Amino acid sequence: MTTALKAAALAAVTSLGLGHAADAATVASVDVPWTQFGAIVHEINQAGDYTLDFSGKGRLWFSPNYLGSAAYVFAEVDGGIGQLIETLGGGVKLTAMKTTSVDLGYLGLGLDFVAGIWALGGDVRMSLNVEDVPAPAPVPLPATLPLLAAAVGAAGLLARRRKHA
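If you read the sequence shown in full-length UniProt numbering, its first letter stands for residue 1, the second for the next number, and so on.
In case anyone wonders, no lab produced these hints; they're calculated from the structure. Hints should not be assumed to be uniformly reliable.
[As the list claims (entries may be wrong)] Simulated restraints on C-beta separations:
1. PRO33 to GLY80: 38 to 46 Å
2. ASP31 to ALA75: 46 to 54 Å
3. THR51 to PRO142: 37 to 45 Å
4. ARG59 to LYS93: 15 to 23 Å
5. VAL139 to LEU94: 36 to 44 Å
6. GLU131 to LEU94: 49 to 57 Å
7. ASP31 to PHE62: 23 to 31 Å
8. LEU60 to VAL102: 20 to 28 Å
9. PRO64 to LYS93: 43 to 51 Å
10. PRO140 to VAL102: 32 to 40 Å
11. PRO140 to ARG162: 34 to 42 Å
12. ASP49 to LEU157: 49 to 57 Å
None of these values were measured; they are calculated from a predicted model. Cβ coordinates follow ideal geometry from the N, Cα and C atoms, glycine included.
Please put together the full structure from these sequences, using the hints given.
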């Protein structure tokens, strides 16, 4: 099958709702060089299923997949880096490894998400991703609508015949 035919088949399957168009979209990310600290402070403005993903290049020869130490919370941070680190101290702590993905679950609108990472093992890219919300399914035509249209049409024809007679 040629590339053009494959693309057309994929487009048809996706438009018919039989396939998944895209898995996830990045809503916030930060690149953190080795031995540095980086953070994401993001207000959730699209409800959905979120993940926190880590990728990068490890620099420790004895553990090349280790990228650093991370933490996240759902809280507001207004007071700068000091308050951010203090807030993260009470959050969920984890070890960031290459291609690690943390499932944050379903998040509603208006929630503040805060995440930070110390890149102790290599250069890190931390990204907050949301699963693309599929378009709502079209509302089917009610079964009684064609019957109603037929009845109104028949009544109109009868009225017209009587007028001419």
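Could you tell me which of the hints above the structure violates, numbers in ascending order? 1, 2, 6, 9
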